[in-house]
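Here the sequence shown is numbered in full-length UniProt numbering, starting from 1 and rising by one per residue.
Just so you know, the hints here were simulated from the structure itself, not pulled from any lab data. It is possible that part of the hints are untrue.
[What the hints assert, rightly or not] Derived pair list, reagent style PhoX-like, types lysine-lysine, alpha-carbon separation capped at 25 Å:
1. Lys412 to Lys369
2. Lys111 to Lys123
3. Lys123 to Lys112
Here the structure is a predicted model, which means the values were calculated and not measured.
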Amino acid sequence: MESIHHKHAASPIHWKDQSRGALWDSFSMLSPRRQLRNPVMFVVYVGSWLLLALFFHDLIVHNSEAPFTAVIDLWLWLTLIFANFAEALAERQGEAQANSLRQSRQEVTAKKLPKPVREASYKEVPGASLRSGDFVLIEAGDLVPTDGEAVAGVAAVDESAITGESAPVIRESGGDRSAVTGGTRVISDWLIIRVTQEAGHTFLDKMIAMVEGAARRKTPNEIALSILLVVLTLVFLVVTVTLFPFSWYSVHYAGHSGSVISLTVLVALLVCLIPTTIGALLPAIGIAGIVRLLQSNVVATSGRAIEAAGDVDVLLLDKTGTITYGNRSAAAFYPVLAVTQEILAQAARRASLADETPEGKSIVTLADKHYPQSREALPPEAQLIPFTAETRMSGVDWNGQQLRKGSPDAMKAWVQSLGAPGLTSWTA
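Build the full structure now, drawing on both the sequences and the hints.
Below, the structure is given as structure tokens:
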């Protein structure tokens, strides 16, 4: 199962539209090919046509049983229409969820930049024309045109329409808070994003496709129940069919008074015996299971997921930032050998000044908090080395010194590349 957090209240108008559409669908579903999917209801379908033909025959020959046949046939058609209506209404509700998601996907105009610099002049283009790798400026009040990654700036983003998060979230370049989702809105400051997904392949598009393409495959329990219903239908069909020759024999050869049981009574008896209720509602129940999970903002992609959801008493959804923290942050400095904590904090702070990731910023914050003397400003001639995903290091070159901070393997490779003499041990 996949979780989504997007919900629109179902208004009475929506229910009225769904019911009207489902009623029309219930008549269009009376085709033989559609009814053949459900063997139990297909027997009722054949019986309905049979009684309809018998009713017109009775009218032609002026048979007194014509009204009785018409009433029984009417009830059979109503049974079929009700079964189709239940299934069609469940399908309509599932389509309504996809439509509500599709309505949140608005056509926006994007401010396309030639390079990731805010001072550069932008060109307004349709959001659907953006391609992977394009740079887009998003200012306060603008909608994010498509999925992307922040490469410059920091902003508060309202993601309630997509994730259900009521409080604005901070999106900034570097770290795991740089991803932005199409359809969200920047409510303060600005961002420059690099497009990562083109139109039709965004997170919202994939979510809509998941809702629309939730395959209703039968679970093993449903398959077993369907087989049982078919077997019971066949048994009762044989029982009903054998009643006619027994009745005919009793009247014509056994000397009993009365008339042969009519075909109308036999069809009505068969419909009463076979499990029409379960057979009619079984498809609707399966679809309703998907719809009920959708109303709880959960997309069930298979029938097994629905059965698993039925066994769940408490569902704990841990969103990053609620129970767990998404970013690693520095908590303490642990020096080795003869290095003091003050010297380590000062060196780590200088090496992290050009690190825009949350981890790098946390090192600077920790050093400023516990070692205020390390806050001295670097001279203009100091060369800052920014952190990149390729080097996995940051640092500063100043006064003949090279300070670096980064991942252990990247640091080891950098030190060895310098050809430092006497490097016989390594401490990470």
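Structure-based check of all given hints:
no., hint, in the structure
1, Lys412 to Lys369, "violated, 29 Å"
2, Lys111 to Lys123, "holds, 5 Å"
3, Lys123 to Lys112, "holds, 5 Å"
Violated hint: 1 only; the structure is consistent with all others.
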